[in-house]
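Undergrad: Guided by the hints, dock chain B onto chain A, whose structure is given.
2 protein chains.
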Amino acid sequence: LGPYTPSVHIGWDTGIQPAAKQEGNVAFASQSGGHASTLLRAGRGFYYTMGLSFGNQIDVNCLEVLEYYAADPKTEVIGLYLEDTGSAKGSDFFKTLREITPKKPVIIWKGGQTEIGARAAASHTGAMSGSLKIWRSMTKQAGGIFTEHSEEFWDIIHLLSILVPYKKLRPCKNLGLIIPGGGDSVEATDMFSRFGFNVPVLTKETQDKISALVPPVNTSVKNPVDLGATGGFDRVFLSSIKFVAEDPNIDIVIHYQPIDWISGAEIQFGATGYAGTAARAIGRLAKRLEKPLVQVMPILKLDRNIAEIYPKFMEILRQNGVPYFSSRKRLAIALTHLNEYVQFLKVRKKL
Amino acid sequence: LGPYTPSVHIGWDTGIQPAAKQEGNVAFASQSGGHASTLLRAGRGFYYTMGLSFGNQIDVNCLEVLEYYAADPKTEVIGLYLEDTGSAKGSDFFKTLREITPKKPVIIWKGGQTEIGARAAASHTGAMSGSLKIWRSMTKQAGGIFTEHSEEFWDIIHLLSILVPYKKLRPCKNLGLIIPGGGDSVEATDMFSRFGFNVPVLTKETQDKISALVPPVNTSVKNPVDLGATGGFDRVFLSSIKFVAEDPNIDIVIHYQPIDWISGAEIQFGATGYAGTAARAIGRLAKRLEKPLVQVMPILKLDRNIAEIYPKFMEILRQNGVPYFSSRKRLAIALTHLNEYVQFLKVRKKL
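Quick note, the sequences are listed as chains A and B, same order.
Taken in order, the first sequence gives residues 580 to 930; the numbers are from our numbering.
Taken in order, the second sequence gives residues 580 to 930; the numbers are from our numbering.
In short, the hints are calculated from the structure, not lab data.
From a predicted model like this one, the values you see are computed outputs, not experimental measurements.
Note that beta-carbon positions come from the ideal geometry of N, C-alpha and C, so glycine has one too.
Among these hints, one or two may not hold up.
What the hints assert, rightly or not - Straight-line C-alpha distance at most 25 Å; calculated SDA-like pairs for lysine to any residue:
| # | chain 1 | residue 1 | chain 2 | residue 2 |
| --- | --- | --- | --- | --- |
| 1 | A | Lys-600 | B | Ala-886 |
| 2 | A | Lys-788 | B | Ile-695 |
| 3 | B | Lys-880 | A | Gly-855 |
| 4 | A | Lys-821 | A | Ser-906 |
| 5 | A | Lys-880 | B | Lys-801 |
| 6 | B | Lys-870 | B | Asn-797 |
| 7 | B | Lys-783 | A | Gly-705 |
| 8 | A | Lys-880 | B | Lys-712 |
| 9 | B | Lys-880 | A | Arg-897 |
| 10 | A | Lys-891 | B | Arg-897 |
| 11 | B | Lys-600 | A | Phe-848 |
| 12 | B | Lys-880 | A | Lys-719 |
| 13 | A | Lys-880 | B | Val-815 |
| 14 | B | Lys-683 | B | Glu-887 |
| 15 | A | Lys-683 | A | Lys-929 |
| 16 | A | Lys-600 | A | Ala-844 |
| 17 | B | Lys-891 | A | Gln-847 |
| 18 | A | Lys-747 | A | Asn-604 |
| 19 | A | Lys-712 | B | Val-815 |
| 20 | A | Lys-891 | B | Lys-891 |
| 21 | B | Lys-801 | A | Gly-612 |
| 22 | B | Lys-600 | A | Ala-844 |
| 23 | A | Lys-719 | B | Arg-773 |
| 24 | B | Lys-880 | A | Asn-899 |
| 25 | A | Lys-880 | B | Lys-783 |
| 26 | B | Lys-712 | A | Phe-774 |
| 27 | A | Lys-880 | B | Arg-897 |
| 28 | A | Lys-891 | B | Ile-846 |
| 29 | A | Lys-712 | B | Arg-773 |
| 30 | B | Lys-880 | A | Gly-775 |
To be verified - Every beta carbon over 12 Å from chain B, so not counted as near; a handful from chain A, in silico:
| # | residue |
| --- | --- |
| 31 | Glu-602 |
| 32 | Pro-652 |
| 33 | Arg-773 |
| 34 | Leu-792 |
| 35 | Thr-915 |
| 36 | Asn-918 |
| 37 | Phe-923 |
Just chain A, with the same shape it has in the complex (with noise of 0.2 Å):
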């Protein structure tokens, strides 16, 4: 499919949908031009500063863009995937990678992890795949992020083309959840716990400042923080995100609720645009807050109104520095993938 380049205005027609023409500063490259052409038409939440679908690299090769991505000032963050490295030395690209990523993030999605992986990649770009855990092994040690899939692969560049311009790169360990409901507050806890991440118990004065905006009944205020039904009242919402990112024992705010908690009120109400003040809302307080604020937010059942709603929802939070995902799950793991990332700046003292 050859380059894409927003700024200059060369563009794919990926024959179903017109590639965006918004420019961002995320550079990829990628062996397969139908995974390409995903990333360009599937609206995650980032933009380009150019990308480039290279086959199986034989001339132009995965050493020669890395160098080049990595040169380019409005990229901050690169994201390739890869069947193997073509017509560059292996050593040699691992060797330019360990060089690239204290400066900027390296995401690399391997095709043909397995064995007959391996054999769909061999008919498909007649890569060799080698080794998954030489890949994964050279790829961490080389401090590049290292994905199994398109969604973990789409996930981590989102999150990272938000928090690196924002400048919140930081550990993110101890979250602080903000939930409304019982049952969702223990499935959040169950999932992040099992990740291996905390959801440390916050202050006395914290929990005071939460109680006096909910009824005592139905809600929690220790973390997770349950809200209960208020959870849908933004300035409840607001205000516990507000003094949650301010407790010290806190690194995130994660906020869940599912879209047609905001959703209802513009259309059983005729509340109309008030997704979109609820959205700027809690992307200018994201942008007063040091820590980063996630927001979780499902779509848990899909009709016109939800589809006309969710993507405007969703832009103006990216537009404010805060990234968003659909599941705990999808953000479990890339969180997990930051955390990795932080500690290697860490250990490079670049952070």
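TA: Only chain B this time, still in chain A's reference frame:
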């Protein structure tokens, strides 16, 4: 929240969206009213005989409910969200579970699985959660299906609620993958292989039949079957599904196609109603196949047209015995549960 029984018009208004009035074959009980109402409004591709939100289970408990659901002739699948066994004795619950699972699948989602999740559960229902290890091993020994979170819980209920009435409970280890695109073929193969599935090479005969349908470049007929751009043509993917299902090496056929390949035809070419026609054709074919057919259909970019088309497409598939998933990873997890349950039935000589 109390009971929910669509057949006698006992429903809930969750305050957000009214619960479905349609009858189905799944009975559920939940210690979380939030999870119960999410189950009802989330449109997860299954419907209910009845349901119950029973809070801390001080009066009605999970043992009584399980016995009641087991005796109901219309209930074919049982799903329970539990934080503890309430007023029932744990040993009695698992003893009853062991008697029921050879007849009906019982899916258990345990809240409070981790130490801090248990703390959240204690503040939610007052549950003394007990050890996760004990819950997991007791459930598995009793032939129950143990899930870790909401999506996993919904997904295996969806899969079983279709495969049980269509009498397609069988081992699904050897997958036939039909996918337009090389990168997507590699990704799917990697994903399912990591979960221990096989993607066996198709017989020469099957390969020849598919070769006759597709161009010789940018395609592969071995398995994964990469139909390339011709994967968007209904005659090509329908015939390929049929040929792969007839291959003796294959247990189950998985057809991958993003929804915009279908919705694009409606929008770009004005082929109004095409999606419905395609869904019905897939359904008619599936009914003639002895083996299960599963559709994997992600939404890569949400818009109003897709919001209109997607739920209808999926409902036609469901009514015709075709389970559907939005992600390969979620399908891999659901199929893993399915195979464990089928193995249990075989050992107990119920299959």
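Undergrad: So, for every hint listed, does it hold in this structure?
TA: Here is how each hint holds up against the structure:
no., hint, verdict
1, A/Lys-600 with B/Ala-886, "holds (24 Å)"
2, A/Lys-788 with B/Ile-695, "holds (22 Å)"
3, B/Lys-880 with A/Gly-855, "holds (20 Å)"
4, A/Lys-821 with A/Ser-906, "holds (22 Å)"
5, A/Lys-880 with B/Lys-801, "violated (37 Å)"
6, B/Lys-870 with B/Asn-797, "violated (28 Å)"
7, B/Lys-783 with A/Gly-705, "holds (21 Å)"
8, A/Lys-880 with B/Lys-712, "violated (33 Å)"
9, B/Lys-880 with A/Arg-897, "holds (16 Å)"
10, A/Lys-891 with B/Arg-897, "violated (31 Å)"
11, B/Lys-600 with A/Phe-848, "holds (24 Å)"
12, B/Lys-880 with A/Lys-719, "violated (31 Å)"
13, A/Lys-880 with B/Val-815, "violated (31 Å)"
14, B/Lys-683 with B/Glu-887, "violated (35 Å)"
15, A/Lys-683 with A/Lys-929, "holds (11 Å)"
16, A/Lys-600 with A/Ala-844, "violated (32 Å)"
17, B/Lys-891 with A/Gln-847, "holds (23 Å)"
18, A/Lys-747 with A/Asn-604, "holds (16 Å)"
19, A/Lys-712 with B/Val-815, "violated (37 Å)"
20, A/Lys-891 with B/Lys-891, "holds (24 Å)"
21, B/Lys-801 with A/Gly-612, "holds (21 Å)"
22, B/Lys-600 with A/Ala-844, "holds (23 Å)"
23, A/Lys-719 with B/Arg-773, "holds (20 Å)"
24, B/Lys-880 with A/Asn-899, "holds (21 Å)"
25, A/Lys-880 with B/Lys-783, "violated (44 Å)"
26, B/Lys-712 with A/Phe-774, "holds (17 Å)"
27, A/Lys-880 with B/Arg-897, "holds (16 Å)"
28, A/Lys-891 with B/Ile-846, "holds (22 Å)"
29, A/Lys-712 with B/Arg-773, "holds (13 Å)"
30, B/Lys-880 with A/Gly-775, "violated (32 Å)"
31, Glu-602, "holds (19 Å)"
32, Pro-652, "holds (29 Å)"
33, Arg-773, "violated (6 Å)"
34, Leu-792, "holds (17 Å)"
35, Thr-915, "holds (15 Å)"
36, Asn-918, "holds (18 Å)"
37, Phe-923, "holds (25 Å)"
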